[in-house]
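Dock chain E against the given chain P, drawing on the hints supplied.
Chain residues, written in single-letter form:
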Amino acid sequence: MSNIKKAFENGKAFIPFITCGYPNIATSEEVIKTVARNGADLIELGIPFSDPTAEGPVISHANLVALKNGITTDKVFNMVKNIRREIDTPFVFMTYANVVFSYGSEKFISTCRDLGIDGLILPDIPYEERDEFLDICHKYGLDLIPFVAPTSKNRIATIAKASEGFIYIISSLGVTGEREKITTDISDIVKVIRENTDVPCAVGFGISNPEQAHEMAALSDGAIVGSALIRKIDEGGEKMLENVAEFVKEMKQAL
Amino acid sequence: MSEKRGRFGIHGGQYIPETLMNAVTELEEAYNRYKDDPEFNAELKDLLNNYAGRPSLLYYAEKMTKDLGGAKIYLKREDLNHTGAHKINNVLGQALLAKKMGKTRLIAETGAGQHGVATATAAALFGMECVVFMGEEDTKRQALNVYRMKLLGSDVVPVKSGTATLKDAVNEAMKEWTRRISDTHYCLGSCMGPHPFPTIVRDFQSVISKEIKEQCLAKEGKLPDVVMACVGGGSNAIGAFYNFINEPSVQLIGCEAAGRGIDTFETAATVAVGKLGIFHGMKSYFCQDEFGQIAPVYSISAGLDYPGVGPEHANLHDIGRAQYVAITDDEAVNAFEYLSRTEGVIPAIESAHAVAYAMKLAPTMDKDKIIVVNLSGRGDKDVAAIARYRGEDIYE
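If you read the protein sequences in the order shown, they are chains P and E.
Residue 128 in the numbering used here is what sits at position 128 of the first sequence, and the numbering runs on without skipping anything.
Residue 360 in the numbering used here is what sits at position 360 of the second sequence, and the numbering runs on without skipping anything.
One chain only, chain E, in its complex shape:
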């Protein structure tokens, strides 16, 4: 796979203002210097194991497997990480890198608040200043996470522009970075944006597939047949896929948010309805109108409510190495409730999109086949929203 100037096939690149070019070049140079540095990697491993709680469990969902009556289902429990999602893997890596670069301040965008909380957590741990940009709409959907970030010592800036969701939070974080580069690292939360971010985020998340591989071999003596994960920008999915890309027997499936359906305007299923474009520093697929205006997307999940997809996913789609399916709000909410009831595991509504597809796919597969669902985060943050979806008037 070509990584020249951060290209994944035709996707990726560095479509950013001149003001930021030296900053991303500096980041790329620093990353290249530290990524194979034994001391850096030992420090990161210590943080992942002794602070974030890795390795995360590969849990055999026996009741779910028996209930669905098909393939064996394993859950990769990223929800058990410190801060409750996969986001911490990337954040600890980037924060450590920022520290090595002499940066004293982290900024980040957040949708559901998971990445914001993870960044605020790392900033607290490293004694760094932290500002998180969050769409105003999302600050309402995820009010508890806003307070959590403040508790951790971060400032949270509600973004009112545009659709007041994740894409607008990215816009504002990028603007803030152009205002203040010298002491600030933009801790981007997904495998998107300009090079080198898609590569850095993927590398820091690839620990997920490294562990899945080892754990599955240890438990089953073979690789899984299917690995699936939800996709917004796509960081938990690329982390779960990466070490299987060169294992052709392993089918890779990304689950996008269809919102109210891909035949409606209220969707965030980029691969299903988007077209090739240039936005947020990268060439990739984006939901947009005929004149290239970025579409106001919708999903019940704040973390998947994004009009684009990371460039490596766009390429995996182009070359047919991964399939991308769209899961509606209804299907995701059903899966959210199903997993809670069946396994006693409350998944993040984002991760419930992957669970929903496993529920469709498992019964069609033989019992000797193995599906690994990347359970990217835990669902505590979503309980009130799901209650409201079901017509119960509960607020956090």
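The following block holds chain P by itself, in its conformation from the complex:
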């Protein structure tokens, strides 16, 4: 059992996603600290990948810019090490299977434990392929966070029964990115999850404003926000960190 449980003990969980190294390492380090200090219950740290097939245009772009500016897996680890001196908010890494696999899954996951990372989110690892990562995650005390999608249907019960950490509910078909309206019946999905597990669930993909965050968190245990936060970073300016802080506070309050 990891620290992820704690993230869901302070009311509905606000879970921001941040692409490490975007737009550069120094800035993303400050953004992560700011987000942690202003109400994030759990932070999803994205390790950039050259071909992020689950991401929409905003996060895809962030991945490529971060890579262009020199981020590597080792540099992400170093950055997290620095952040951990000041911040004890639970962290999970979100990245693609090849980033973990190519580093050496055991070396990657044992480093995660040393850095105080509580879980892994791998969007290209479905239930059927999880064993090769799950066993190592358990060895080092990390949770492997499963996904449930609007198309999961008969799979939800199986995934929920085997879940740990939290369940990431994908709000809509397609890739990450803001949506005007989320049309999936989240409450139906949550109902099946609740029937099969006590593990909390949070909704992501397409949540861009406090109203949507409130609506999604009301149906589940938390809300995950990625692209909208990257937009705050992109708006930039001298007050960027203040704007990010304000956005996180608003989101957490809205839940």
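Treat each hint with caution, since some may be false.
[Said to hold, decoys possible] Which chain E residues face chain P? A few, computed with CB under 10 Å, are given here: (1) 49; (2) 50; (3) 342; (4) 383; (5) 384.
[As the list claims (entries may be wrong)] Mimicking DSSO-like on lysine-lysine, the simulated pairs with C-alpha atoms at most 27 Å apart in a straight line are: (6) 107/P with 275/E; (7) 275/E with 75/P; (8) 160/E with 232/P; (9) 191/P with 181/P; (10) 68/P with 275/E; (11) 191/P with 232/P; (12) 160/E with 68/P; (13) 140/E with 160/E; (14) 140/E with 68/P; (15) 160/E with 45/E; (16) 369/E with 222/E; (17) 99/E with 213/E; (18) 35/E with 140/E; (19) 239/P with 81/P; (20) 75/P with 153/P; (21) 45/E with 153/P; (22) 99/E with 153/P; (23) 191/P with 161/P; (24) 275/E with 63/E; (25) 275/E with 35/E; (26) 210/E with 367/E; (27) 181/P with 68/P; (28) 66/E with 369/E; (29) 213/E with 66/E.
[To be verified] Derived contacts from chain E toward chain P, CB cut-off under 10 Å, selection only: (30) 18; (31) 19; (32) 54; (33) 57; (34) 58; (35) 168; (36) 182; (37) 243; (38) 245; (39) 272; (40) 283.
I should point out that these hints are in silico values taken from the structure, not numbers from a laboratory.
Beta carbons are placed, not taken as given, at the ideal position from N, Cα and C, and that holds for glycine.
Just chain E now, kept in the frame of chain P:
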């Protein structure tokens, strides 16, 4: 060979987002239901024979054989199929399957444009909607094929992300599939991606080796000694190899694109320079950096310009059943010109990679040996690019 959950040795698998899992399961179930269905197979055979023009010729390249002075060279003329390449074999199979599944829309990725054209063709024939994703770089290299797809009634989406080539087209097609699953079949063009695609594509392409076997026995009274084919994702090669995998006397050789050379960064020779990884739904070999970032590969051939290789090829390499060799741009262009001049057959620049290796290997073999080169496609689409390679300022 184990095919449990689509594994070929350690390769293959289903490394895809949860959103797509039920879609690939539905596809697998449908495929298992129809693959041995006599009615389905009769329909497919009719399409292959009466629409695509199968069986394709096994042509004895006598002048080439005499010129090289070694093994007898046969060309399996997939270039003579309707739409000019082997791609139609797989596309007709998948489109028919999609129709049986009640899908009304096909999406596809394309590199050189051959698979895109084949998919657009099948969509026109079946009255289905069609959207083809093509790297922007490739839309320039193969402008004529873009227009051809539009002529056939398809939309072509130029992909600007990443390296704007084949891998990025696959990324975008996969993303599009996650957006719209219920009415859409992703008609994947090579023996790659998540299970069941590598198996489905191989089965639909295996007609190539089935015919080679029958034709070679009829003409020569024995099996070929060597079968060779170019390998990007590897669909024409797996089609040419499949019925010979259990014939140990037949040597199988895949010809990868070395680009400017395997000791440069401008290469697409995955087996030669790649390492084991997980990408595009499969475990296989990929060109990548030390942190697993997929490498920006290069080849003069848009169809071989892909950083991975199908999982069955990765396994055939592991177990030593097939050899994979790397052919440079220069060698391929020379072979392109040589075959045109010698046999009056203009090969696709992809297929010219296999011709190039035959030119190296044949002179080292006895005259009673037989090489079959799978001529996967015709080269009309490449003429302008080859002219430019030779310094002539020709545009389509």
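**Item:** List of violated hint numbers, smallest to largest
**Value:** 1, 2, 3, 4, 5, 11, 15, 17, 18, 20, 21, 24, 25, 27, 32, 33, 34, 37, 38 and 39
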